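Sequence order for the protein chains is W and Z.
Under the working numbering, the first sequence has 54 at position 53, and the numbering climbs by one with no breaks.
Under the working numbering, the second sequence has 53 at position 68, and the numbering climbs by one with no breaks.
Please note: incorrect hints may appear among the correct ones.
Said to hold, decoys possible - Subject to a maximum C-alpha distance of 30 angstroms in a straight line, what follows is the list of computed DSS-like cross-link-like pairs (lysine-lysine):
1) W:154 <-> W:63
2) W:141 <-> W:154
3) W:154 <-> W:69
4) Z:20 <-> W:141
5) W:69 <-> W:51
6) W:7 <-> Z:20
Stated by the list, open to error - According to the in silico footprint, chain W covers these stretches of chain Z (three or more CB under 8 angstroms from chain W):
7) 7 to 14
8) 175 to 188
Honestly, the hints are just simulated from the structure, not real lab data.
The structure displayed is predicted, hence computed values, not measured ones.
Note that CB positions come from ideal geometry on N, CA and C, so glycine has one too.
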Amino acid sequence: MTYIQKRNVTGWLFLAPFMCSFFLFVFVPVCISLWLSFVQLDLTNAAQSKVVGFQNFSDALKDDLFWKATHATLNYAVLMVPAVLLIGTALGFGLYGMSRGRDLVRGLIYLPGMLNVAAAGILWQWFFNNEFGLINFTAKRIGLPVLPWLSDKAYAMPSVVIMSLWWTIGATSIIILTALQQIPQMFLEAAALDGASQRQTTFKIVFPILRPVLFFVFITTTIGAFQMFGQAMILTGGGPEFSTRGLVQFMFETAFNGFRFGYGAAISWLLFGMIAVFAVIQSIVVRRDS
Amino acid sequence: MKKPSRIVTTFMLFIGLMFLMPMIIMVLTSFKSEKEVMEPSSVIPQHFTLANYSQAIHSAAEAPIMMWSLNSFFVSCATTLLVLVIGSMAAFALTRIRIKGAEIVMNLLVGTMMVPSQLFLIPLYVILSRLHVLDTPWALILPATAGGFGVFMVSQFMRSLPPSLEEAALIDGCSFWQVYWQITMPLCGPSLATLGVFTFIASWNDYITPLVFMEKITNYTLPVGIALFQSSYSTQFGLTLSTSLLATLPLLIVFLVFQKQIIESMSSTGLKD
Chain W
2 MTYIQKRNVT GWLFLAPFMC SFFLFVFVPV CISLWLSFVQ LDLTNAAQSK
52 VVGFQNFSDA LKDDLFWKAT HATLNYAVLM VPAVLLIGTA LGFGLYGMSR
102 GRDLVRGLIY LPGMLNVAAA GILWQWFFNN EFGLINFTAK RIGLPVLPWL
152 SDKAYAMPSV VIMSLWWTIG ATSIIILTAL QQIPQMFLEA AALDGASQRQ
202 TTFKIVFPIL RPVLFFVFIT TTIGAFQMFG QAMILTGGGP EFSTRGLVQF
252 MFETAFNGFR FGYGAAISWL LFGMIAVFAV IQSIVVRRDS
Chain Z
-14 MKKPSRIVTT FMLFIGLMFL MPMIIMVLTS FKSEKEVMEP SSVIPQHFTL
36 ANYSQAIHSA AEAPIMMWSL NSFFVSCATT LLVLVIGSMA AFALTRIRIK
86 GAEIVMNLLV GTMMVPSQLF LIPLYVILSR LHVLDTPWAL ILPATAGGFG
136 VFMVSQFMRS LPPSLEEAAL IDGCSFWQVY WQITMPLCGP SLATLGVFTF
186 IASWNDYITP LVFMEKITNY TLPVGIALFQ SSYSTQFGLT LSTSLLATLP
236 LLIVFLVFQK QIIESMSSTG LKD
């Protein structure tokens, strides 16, 4: 064997454990999932499984519950994404403007993200509880109206969003703070020398520089919003009347409570399709920018 | 932009406190008796009691919290170790040995990183049941080693290192294994630490995977366990809050120790959750 051949063999040996794992747990699953989405697989009666073509997909599009789950997912995304962008940016600017204690506050804002979704959900379920929850208890004391946070269709999703914001906003704030800190000081000094006002500097210099970061946050938050699962599962169980049951929970319950694996796989591909749209937009824009 | 002002600083300190408040209330409430949780007169417990904690630890049959902690520890440690070893070896092959086809492998990796993890749940359930590892810790550990992110991250870091040290070692007669283990690994310390901490946190907090792959209550990890606990004791908030705190404590310690690294690497990789 030549040196190059020997080098290649050694290299592939180094790569082998990962490639085995990748093959077994990424490549094969994608194939199985694709196959499953075209069959009607009933685990309780495997002999009855048969290839049904696109029927799982057309079933989904005719399924009222699928549309309810899509609606809940979109509802979550529409509330969550602008809130993350606005509050995350505000917190990022706030952190940037601190004269001291920045590391402390940065840590405090990020801390809730260390809780697992079950612990965070349990905490907020107690806060939101109608009768003895902290929020209604305090509201009663200071004379504010008592709201049915988790038990009313109108308030359930906003409640899930509030908990999610507390739980995840730290990451966004820190990304924006880091972007602000990386803006070269001379840009700002030059603007000040040229007589630019505070507002002009912010909107004509800082925001244009932040644009790629804000776009990145927008895309990743949107993709994350489509995958919402644990928060609603713990807080509301998807209720009331499916108003907070998103697509992931719908897929999960179809497959593992209803044992309809084929239908569940089809739902997961539809979800992937929605996410892929955003992933593709991102890769196009990133490529154009660089 | 504005010079740092006192108003902003004070306001942000207040905001930071607001973010911390729910957790402080959680801690305080966990020391209250159930009766006091239902009819609170103040946020601070009037009668400090450890009743919730002793009940959480002693309700072993229906909620074996020690068992869940052990499961979580084993799964998170094993996952982290395997991801670090397998991922860094793969990154070494792709960027340092520069094998034929490295670029194809890399593109494949990055391509699959976009696929949402939920897509894998159903097929993985099928595969893991064929491998007879469902309802064992391996059902959580093994699939986690296939993620492309770790390989991608360590590869990026290795590319930023000058190859001269490794080349010198090779010329002096070191084998690739020796170069990997004695030169590249120590140089990659920072990126491996970051990857390790993030893998550990993600594994420790994972909720949907153990929910799907674990069946017996004694095999649960903490997040699924405390969620089950909450559904069976849903009105006993003192008890469920104290179990949640017990489940969170180890990560809070990790966070306090590695705060700087976690936050800085999070902001540089743009990694979320």
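We went through each hint and held it up to the structure:
With a CA separation close to 23 angstroms, the supplied pair residue 154 of chain W and residue 63 of chain W stays within the 30 angstroms bound. As the CA atoms of residue 141 of chain W and residue 154 of chain W are separated by approximately 22 angstroms, the hinted pair is consistent with the 30 angstroms bound. Restraint check for residue 154 of chain W and residue 69 of chain W: the C-alpha separation of about 13 angstroms stays at or below 30 angstroms, so the hint holds. Proximity of residue 20 of chain Z to residue 141 of chain W is assessed by CA-CA distance (about 19 angstroms); at most 30 angstroms being required, the pair is judged to hold.
Distance check on the hinted pair: residue 69 of chain W and residue 51 of chain W sit about 28 angstroms apart at the alpha-carbon level, within 30 angstroms; holds. The suggested pairing of residue 7 of chain W with residue 20 of chain Z is violated, with an alpha-carbon distance near 73 angstroms, which exceeds 30 angstroms. Evaluation of the coverage hint for the region 7 to 14 of chain Z: fulfilled, as 5 residues show C-beta separations to chain W shorter than 8 angstroms, against a requirement of three. Here's how the region 175 to 188 of chain Z fares: 1 of its residues keep a CB closer than 8 angstroms to some CB of chain W, so the rule of at least three is not met and the hint is violated.
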